[in-house]
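4 protein chains.
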Amino acid sequence: MLSFESDYTTGATPKILKRLQEANLEATSGYGNDRYTRSAKEKIKKACGGKGIEVDLLVGGTQTNAVVISTLLKDYEGVIAVDSGHINVHEAGAIEYTGHKVLAIEGKEGKLVASDLKKYLEKFYADSSYTHMVIPGMVYISYPTEYGTIYTKKELSDIYKICKTYKIPLFIDGARLGYGLMSKKSDMSIKDISKLSDVFYIGGTKVGALFGEAVVFTKSNRPKNFVTSIKKRGALLAKGKILGIQFDTLFTNNLYFEISRHAIETAEELKNVFKKKGYRFYIDSPTNQQFIIVDKKKVATLRKKVAFTWWGEYDNKRDILRFVTSWSTTSEHIDELTKIL
Amino acid sequence: MLSFESDYTTGATPKILKRLQEANLEATSGYGNDRYTRSAKEKIKKACGGKGIEVDLLVGGTQTNAVVISTLLKDYEGVIAVDSGHINVHEAGAIEYTGHKVLAIEGKEGKLVASDLKKYLEKFYADSSYTHMVIPGMVYISYPTEYGTIYTKKELSDIYKICKTYKIPLFIDGARLGYGLMSKKSDMSIKDISKLSDVFYIGGTKVGALFGEAVVFTKSNRPKNFVTSIKKRGALLAKGKILGIQFDTLFTNNLYFEISRHAIETAEELKNVFKKKGYRFYIDSPTNQQFIIVDKKKVATLRKKVAFTWWGEYDNKRDILRFVTSWSTTSEHIDELTKIL
Amino acid sequence: MLSFESDYTTGATPKILKRLQEANLEATSGYGNDRYTRSAKEKIKKACGGKGIEVDLLVGGTQTNAVVISTLLKDYEGVIAVDSGHINVHEAGAIEYTGHKVLAIEGKEGKLVASDLKKYLEKFYADSSYTHMVIPGMVYISYPTEYGTIYTKKELSDIYKICKTYKIPLFIDGARLGYGLMSKKSDMSIKDISKLSDVFYIGGTKVGALFGEAVVFTKSNRPKNFVTSIKKRGALLAKGKILGIQFDTLFTNNLYFEISRHAIETAEELKNVFKKKGYRFYIDSPTNQQFIIVDKKKVATLRKKVAFTWWGEYDNKRDILRFVTSWSTTSEHIDELTKIL
Amino acid sequence: MLSFESDYTTGATPKILKRLQEANLEATSGYGNDRYTRSAKEKIKKACGGKGIEVDLLVGGTQTNAVVISTLLKDYEGVIAVDSGHINVHEAGAIEYTGHKVLAIEGKEGKLVASDLKKYLEKFYADSSYTHMVIPGMVYISYPTEYGTIYTKKELSDIYKICKTYKIPLFIDGARLGYGLMSKKSDMSIKDISKLSDVFYIGGTKVGALFGEAVVFTKSNRPKNFVTSIKKRGALLAKGKILGIQFDTLFTNNLYFEISRHAIETAEELKNVFKKKGYRFYIDSPTNQQFIIVDKKKVATLRKKVAFTWWGEYDNKRDILRFVTSWSTTSEHIDELTKIL
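Protein chains in written order, with this note's numbering: chain H, 1 to 341; chain D, 1 to 341; chain E, 1 to 341; chain L, 1 to 341.
Because the hints were derived from the structure by calculation, they are not lab data.
One or more hints might be untrue.
Just so you know, same-sequence chains aren't split out, so a pair can sit in one copy or run between any two.
[Said to hold, decoys possible] With a straight-line cut-off of 27 Å between C-alpha atoms, the simulated DSS-like cross-links for lysine-lysine are:
1. Lys167 <-> Lys74
2. Lys108 <-> Lys154
3. Lys118 <-> Lys296
4. Lys118 <-> Lys224
5. Lys108 <-> Lys271
6. Lys43 <-> Lys276
7. Lys108 <-> Lys119
8. Lys46 <-> Lys164
9. Lys297 <-> Lys123
Work out the full structure: start from the sequences and follow the hints.
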């Protein structure tokens with residue numbers, strides 16, 4: 001069946017499979033001590049600006065959030081996120097499982113507003129009983145957000161400035177990073193992301209890999225004995241080279257960004273299809289996730305012919321549906337959808 | 001370089017890569033809700049005896065141990081293991097990270113002795129202050145063990161009987177399960193393992209898969225909302241079908257056991273090579289891990305030509321080296337080794 | 001200095017000190033295995049209605065919340081509370097430290113509204129991705145609330161009905177229970193509290209004891225091996241009899257309720273003083289905590305002569321101050337305050 | 001009944017009760033922000049040598065161990081202790097509950113032997129797979145030990161030297177500190193303990209207080225925001241002054257050491273009683289805990305007339321019993337015991 005359900009429904013970009021095949025019988029040491037992983041890290045480091053960059057390859061997004069947040073937070077700290085942030089909603093309490101609170105701030109279209117962050121921090125320290133409260137120790141944002149929106153360079157800079165004032169790291173969840181950076185509305189490169197954050201990750205799972213997320217520490221701030229902390233959380237892949245090969249491929253000849261751009265282009269086509277058919281959008285998303293308002297009766301009909309994500313109710317008569325493109329979406333898929341609509 | 005370093009140094013058995021390739025562009029739902037995963041679970045269920053069997057697919061071994069142990073233990077309980085058990089030594093404290101103590105009992109050649117287990121439990125409950133101590137809530141053993149040894153059916157039955165008396169589950173770490181069951185010394189099938197335990201896992205990572213461990217709950221005892229508990233621990237793979245395809249392949253036409261048997265056969269060849277050259281064994285292992293006593297000078301020479309694991313010092317003059325075969329070891333590898341020795 | 005800062009500023013009701021003195025040199029077993037503790041539990045059990053009641057004595061409120069919530073929640077569950085709930089704000093993340101999320105719902109004057117709870121639960125289970133979210137496993141409310149307000153019997157019954165529908169326990173934080181039950185607006189007894197909840201605690205720290213909170217499991221639902229779970233959390237007092245003696249005293253001849261009523265009477269006097277002086281109240285509290293709106297200049301003057309809690313800003317010119325009475329507040333204190341105002 | 005069961009069977013040294021009485025109606029701020037706590041900390045600081053000393057007052061021993069160890073350990077670290085260490089046996093897994101492993105080393109009569117510690121650390125770092133293991137991050141010892149034995153200054157210095165070489169803190173559990181320091185075999189003062197450790201605590205619960213343990217950070221190394229970490233663990237007493245008054249009393253006019261010496265003197269009397277009657281000792285303890293080998297039949301008879309702790313079986317015919325004196329043991333108690341024996 002035609003599917004716009006998500007960006008993790010298909011396998012991997014063909015070049016990755018080819019290289020897995022080629023390297024298959026080569027024996028290498030485990031746990032990332034192999035030439036593919038070294039090469040991948042080197043390429044990512046270079047792409048992100050070089051100096052002070054340190055890279056680790058993990059398996060999945062929730063895992064990466066939990067590993068990074070729990071190793072960077074101090075005992076008495078929690079992590080600030082918008083209420084719709086992935087760590088606050090759809091990770092089954094993975095952050096709390098590590099003993100830390102998610103400090104939720106109301107977001108706007110999925111984004112953290114710098115002035116709201118400032119207000120939160122000022123109010124916190126103005127409260128004389130703050131030592132009995134969870135001390136904010138990190139800011140978590142997603143780029144793009146769970147609503148497909150992206151921060152401008154100015155917005156990100158403003159947030160990062162506040163973080164630096166309060167001496168708390170800024171962590172960017174980049175599960176869909178490529179789709180954000182390749183958006184036509186984006187005014188940032190991966191080097192900007194690297195400059196304007198303390199740690200972020202480059203999503204592979206949703207952007208062309210079978211799985212894998214590349215964590216980038218940007219300011220020579222990789223936690224000490226990080227491999228042991230990863231192992232302790234059951235997050236160290238034995239055959240690390242499978243991750244190495246994938247990211248080495250994605251960061252060869254700009255592949256990661258090329259396939260991301262492709263998804264953005266099909267997303268634009270998809271938007272146009274809906275627009276032409278007179279549909280309204282729940283949110284104006286410039287990335288690969290599109291949120292469409294659809295009459296409930298139509299939803300029932302559509303469901304038989306195309307897969308999507310039911311996002312919630314818009315009102316009594318209409319639902320919000322999410323349609324997502326990816327590196328593997330083709331113009332044929334869009335054509336099929338046009339017919340169905 | 002020639003490598004007998006471990007059984008996770010190469011990729012996957014070729015059939016797996018072929019099927020990943022074939023399914024690559026097919027869109028399926030995520031998180032294991034796909035036909036490959038369903039099929040894999042069904043085949044594993046059948047292989048294990050059917051009734052009461054429930055299967056989940058996870059990514060890695062330490063992760064699986066942590067997920068299973070921490071969801072089955074009650075708040076006030078710990079898990080019994082031999083001192084050399086993987087969870088007690090080489091998982092960076094992953095069990096303790098979940099808030100539970102590993103209760104270590106001295107093992108014999110890596111195995112838990114039933115009478116030692118009994119003594120431990122009797123002594124525990126004879127101690128009037130036991131409510132101030134960690135209450136034993138599970139028994140963990142490895143099959144084969146970290147020393148390559150295996151339990152006989154009688155030995156396993158004896159342990160399981162004690163577990164049932166004390167009403168605590170028996171959990172078998174089967175990271176190398178295939179290599180244990182295909183050992184010429186084994187008197188058990190996977191159905192026996194299933195009968196004589198409450199939960200175990202079928203190692204994929206070390207037995208032909210890129211990664212993956214299949215957890216088998218054997219007595220209709222899968223924890224409620226287990227998917228949420230897996231997600232909470234960052235252990236739920238988004239593209240679950242990658243796991244599904246791998247285990248579906250391994251459990252089609254007995255492939256898992258065939259490639260395991262192959263590794264045992266090359267292990268026997270390897271043993272013979274060492275024996276003929278006059279080497280002594282640290283332990284008499286009937287599986288794919290072999291522990292050889294080697295003169296320290298020879299170790300230095302060997303290191304240049306072949307990869308192995310340095311296991312520890314035997315005495316001032318000699319070391320213990322571990323040589324491991326796997327599904328991907330060939331007779332050519334053995335021949336090469338013969339020349340080197 | 002005159003103090004209305006809180007209800008934990010003085011020591012213990014004199015009878016408690018007297019009995020500690022009398023029992024001082026008597027040797028008893030530790031950890032609650034003593035006749036005083038047994039007697040205290042028996043008296044509390046009787047006061048709460050007898051059948052199915054089980055009692056444990058702990059040291060402090062945050063500790064009690066963490067112990068009860070973390071032992072009753074299942075692995076994949078979180079606890080629902082209003083946003084102003086003590087566990088959500090002023091316990092430094094003690095619940096999250098146990099690995100569980102606090103699921104915050106907007107409250108009304110500190111109270112959870114039954115219909116809001118219902119809506120939350122309905123929406124949760126209507127979301128098809130709920131297995132990726134923290135499953136609500138308990139409802140936590142405070143009686144009286146952090147704003148001094150109390151639930152009517154009807155309101156509590158409505159909440160409890162919903163809990164029973166969803167099969168999740170209702171836990172009442174009774175750190176100030178006596179002050180709630182003795183309020184002139186209260187239409188409930190401790191037996192009602194016991195009937196309409198699964199577990200609650202009777203605050204001693206704020207109601208006449210040096211310290212101590214009596215946890216009451218009301219439906220034969222005390223967790224198995226609860227003492228071990230308490231010990232594991234460092235919450236088991238060695239000299240348990242110190243707790244036993246205090247609660248035995250408080251539950252002899254209705255003392256707990258008598259001293260609570262006294263605090264309510266002085267709170268009424270205090271309210272009248274402020275009213276007569278023309279002050280406005282931030283909230284209409286029928287218990288021992290009073291929230292007064294005070295001009296910022298006046299706040300500065302007052303601070304020199306009387307201790308209170310600064311609760312927050314009301315607007316640019318006015319603050320909210322909290323004045324609290326307790327078992328140890330006297331009419332002389334109120335007279336002094338009158339002069340100061 | 002006559003009791004030598006433990007040193008936490010009676011209440012508090014009378015001066016403490018007197019001062020609690022005197023301060024009872026004085027209103028002070030909570031959580032340790034009161035003049036009694038300040039005074040107590042100052043006196044302890046002075047007693048311990050002054051410079052660099054920082055003091056916190058907690059409620060109980062297991063709680064203190066968990067708070068100190070879990071706030072000082074880094075994410076990837078565990079704590080070394082002898083197998084008989086309190087944290088390894090009788091705290092229901094409180095350390096593991098905080099996510100950290102106790103790394104047990106075989107002790108000698110309850111003591112950690114410096115050369116064993118050295119060997120453990122050398123072997124650990126010689127293992128090439130150590131990053132997959134729990135990294136030793138602290139050494140925990142008890143003074144006196146769980147067997148009543150004490151370290152000499154030379155022994156403690158040797159251990160501390162190793163800790164400094166490996167840059168890991170040394171933590172001394174001083175639940176019975178006074179009884180150790182006042183032992184006739186002791187060649188150390190509290191200033192020595194302070195010099196030769198990074199953190200230790202002064203047990204109040206077992207040495208004259210109703211409850212309370214004073215944590216002493218000795219090298220300006222108190223963790224940042226420690227109060228928040230204490231609160232997060234439910235270990236912050238609301239009426240902090242109850243702790244303050246107790247330790248202020250104990251550290252006025254040397255009271256802590258005087259009552260400790262008294263317990264040692266009655267322990268000597270008790271030893272003599274057993275010696276004269278021909279009993280043998282399981283261990284030669286120079287402190288207030290005595291371990292006597294008693295014929296099983298005699299055990300049954302004794303049990304009717306005197307309380308003690310059954311420590312374990314010596315052989316088929318004999319048990320090991322523990323008899324403990326304390327600040328509240330009198331010569332009359334010893335006389336009574338003589339008659340019974």
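Okay, the hints, checked on the actual structure:
Taking the shortest alpha-carbon separations for Lys167 and Lys74, both the intra-copy value of 13 Å and the inter-copy value of 20 Å come in at or below 27 Å. Taking the shortest alpha-carbon separations for Lys108 and Lys154, only the intra-copy value of 16 Å comes in at or below 27 Å, while the best inter-copy value is 38 Å. In this homomeric assembly, Lys118 and Lys296 come within 27 Å of each other (Cα to Cα) only across copies, at 24 Å, whereas the closest approach inside a single copy is 41 Å. In the homo-oligomer, the alpha carbons of Lys118 and Lys224 lie at most 27 Å apart only across protomers (23 Å), although the nearest pairing inside one protomer, at 30 Å, exceeds that limit.
Taking CA atoms no more than 27 Å apart as the test, Lys108 paired with Lys271 passes inside one copy only; the shortest distance there is 22 Å, against 42 Å between copies. In the homo-oligomer, the alpha carbons of Lys43 and Lys276 never lie at most 27 Å apart, since the shortest distance is 42 Å inside one protomer and 47 Å across protomers. Taking the shortest Cα distances, Lys108 and Lys119 sit within 27 Å of each other both inside one copy (15 Å) and across copies (23 Å). Within a single copy, Lys46 and Lys164 get their C-alpha atoms as close as 25 Å, which meets the 27 Å cut-off; across copies the closest is 39 Å, which misses it.
In this assembly of identical chains, Lys297 and Lys123 lie within 27 Å of each other by CA distance solely across copies; the values are 21 Å between and 47 Å within a copy.
In this structure, the one hint that does not hold is number 6.
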